[in-house]
Amino acid sequence: MLHDLFSPSVQHALDLAGIFVFAISGALLAVRKNFDVFGIVVLAEVTALGGGLFRDLVIGAVPPAAFTDLGYFLTPLVAAALVFFLHPEVERIQTGVNVFDAAGLGLFCVTGTTKAYEYGLGLTASAVLGVATAVGGGVLRDVVANEVPSLVRWDRDLYAVPAIVGAAIVAFCLKYEALTGLTSALAVVTAFALRLLAMRYHWRAPRAWNRRSTAVEATE
Amino acid sequence: MLHDLFSPSVQHALDLAGIFVFAISGALLAVRKNFDVFGIVVLAEVTALGGGLFRDLVIGAVPPAAFTDLGYFLTPLVAAALVFFLHPEVERIQTGVNVFDAAGLGLFCVTGTTKAYEYGLGLTASAVLGVATAVGGGVLRDVVANEVPSLVRWDRDLYAVPAIVGAAIVAFCLKYEALTGLTSALAVVTAFALRLLAMRYHWRAPRAWNRRSTAVEATE
Amino acid sequence: MLHDLFSPSVQHALDLAGIFVFAISGALLAVRKNFDVFGIVVLAEVTALGGGLFRDLVIGAVPPAAFTDLGYFLTPLVAAALVFFLHPEVERIQTGVNVFDAAGLGLFCVTGTTKAYEYGLGLTASAVLGVATAVGGGVLRDVVANEVPSLVRWDRDLYAVPAIVGAAIVAFCLKYEALTGLTSALAVVTAFALRLLAMRYHWRAPRAWNRRSTAVEATE
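Here the protein sequences come in this chain order: A, B and C. For what it's worth, this note's numbering labels the leading residue of the first sequence as 1, then goes sequentially. For what it's worth, this note's numbering labels the leading residue of the second sequence as 1, then goes sequentially. For what it's worth, this note's numbering labels the leading residue of the third sequence as 1, then goes sequentially.
Isolated chain A (complex conformation) (with noise of 0.2 Å):
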């Protein structure tokens, strides 16, 4: 039973987790960018809740996740009054922030994978929900900040790697009737691990072949 993968209290805490993380990075924009406290608690929550709420809207699950259950829109709150009154502390630990963010990462493209199959969707449509439940959140967070996608920039570290990873083998695993605890867990601590690598040693994506761009580059 899909449902069973971790205990729903796991599932739950886990949740809660990764949307704490994705709101601190949301709000810490928001300081940044010199926003106000609302400005902190909007980029929180979009950053946080933006993934899910699109793959909800997407499968037909009304009222969204995020709005049925308290904590989520909380959890959130909590995150955006940490960052307001500690964010030099907050930026201090980034890298504690970041392995967390690749946690969250690495639980929502599983999660969101699993979810849209539930719903009965098809094997790639349920993959590709759970990619965008994962890096959605941060894409909103930037359009709402008036920032070019982190995730689209040719000079960040990769993000989507890991959650295509993590994505496909729940896929994998969900189309031989393999998906357990163990192989769900596997997906999440794979697609975490490949973030971290690719933190740690810089991994970017290339850009198209024989671009023209010199003038592009220098200006960016």
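The hints are simulated quantities; they were obtained by calculation from the structure and are not laboratory data. From the three backbone atoms N, C-alpha and C, an ideal C-beta is built for every residue, glycine too. Please note that the accuracy of each hint is not assured.
To be verified - Examples of chain A residues lying across from chain B (beta carbon under 10 Å, computed):
id, residue
1, Val31
2, Asn34
3, Phe38
4, Gly39
5, Gly60
6, Val62
7, Pro64
8, Ala66
9, Leu182
10, Thr183
11, Ala185
Claimed, not checked - Quick list of the computed label-pair ranges, beta carbon to beta carbon:
id, chain 1, residue 1, chain 2, residue 2, range
12, A, Arg204, B, Gln94, 41 to 49 Å
13, B, Glu91, A, Leu77, 57 to 65 Å
14, C, Leu197, B, Gln94, 34 to 42 Å
15, B, Leu182, A, Pro8, 29 to 37 Å
16, B, Leu16, C, Gly120, 22 to 30 Å
17, A, Glu118, C, Gly120, 22 to 30 Å
Since chain A is already given, all that's left is putting chains B and C on it; use the hints.
Just chains B and C now, kept in the frame of chain A:
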């Protein structure tokens, strides 16, 4: 009976008035950004209908009111035409427009909260959606116009707080089964008055404590 | 029977062709913005599927076609790969791409209007959604790429008018029960031809009357 807070025709007239003034604010931004006539129409429609559209998608009210009530679609067109032909005159009465915008803010946070609750959402989620109904159109307007959303900028007068207060009053009344035409009107007027005071006295929301962002401030 | 305007396989092939050329335009923008390979894929998918996704969420067609038809998802990947490896060649045939983009515009405003009407929306709302289907992907592309949407810029050739005319023809035919494969094709061709003429003669939409925006113009 929640549907009868105001008589249906009064409610509908108020909705259209709110949509109209929100559309004016979108159309004026389009003129300032030097967009063409379709840019004016797009920003007018997005600003006026975006918040309600988001709420309706989240609560599963499809097709959303924006697409079932012809008046909701046509009203922003009238606002766009007015701004297209008379925008210096409209800008001259900017203060008047701001007063109406404040009225729209008050109205939409109340009707948004009420509608979400009617669709079965919890009190907190309903209030959040009420706020989103009131401020969402403005955020979408700024995103489409490629601007930092006015809502999150520290150098703009308070906009979120009045909507939050209005929505909270409604949620409180719903909790104690005290939502009537009178208490609804009270919530609208409170939000409206708070926004007027925020504009009059330039109330602003604080930014994060201990920011190290002198450089950012200097360049903005 | 509305579903049989064209034979299903012809309709599907046309859809994929439209998706392909829209994806090309998204991928080319990503290369110009110096995005990495995932940026190219994201912009290709968003441009190609965004308009239809919005329409399907509004009319309640969930999961949207973009997530049920594997071809809709894979086609933009092919376009992204093509641009990734051969983008100087693709840019060299920009005029050809623009012609196909015009064809996609004509096709999607017609199929979008028809699908919305099939789902029970009114004639005006259906036409609006048809236009949104045709132009929505391009707006989302520009929002994600952090650009002012091409649709609303005064210095770009007419893009909205052809889609509006095509959608209006379909709505008119629906009203008088005259929508057949022939009249549908006529609407597609009319929108297509109007867009070609707009590009050929640089037709532009007017900006607001009596603008006082000399300074803005000078800096853009």
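Here's how the hints hold up against the structure:
| no. | hint | verdict |
| --- | --- | --- |
| 1 | Val31 | holds, 5 Å |
| 2 | Asn34 | holds, 5 Å |
| 3 | Phe38 | holds, 4 Å |
| 4 | Gly39 | holds, 3 Å |
| 5 | Gly60 | holds, 8 Å |
| 6 | Val62 | holds, 4 Å |
| 7 | Pro64 | holds, 6 Å |
| 8 | Ala66 | holds, 8 Å |
| 9 | Leu182 | violated, 35 Å |
| 10 | Thr183 | violated, 33 Å |
| 11 | Ala185 | violated, 31 Å |
| 12 | Arg204(A) with Gln94(B): 41 to 49 Å | holds, 47 Å |
| 13 | Glu91(B) with Leu77(A): 57 to 65 Å | violated, 38 Å |
| 14 | Leu197(C) with Gln94(B): 34 to 42 Å | holds, 39 Å |
| 15 | Leu182(B) with Pro8(A): 29 to 37 Å | violated, 43 Å |
| 16 | Leu16(B) with Gly120(C): 22 to 30 Å | holds, 23 Å |
| 17 | Glu118(A) with Gly120(C): 22 to 30 Å | holds, 28 Å |
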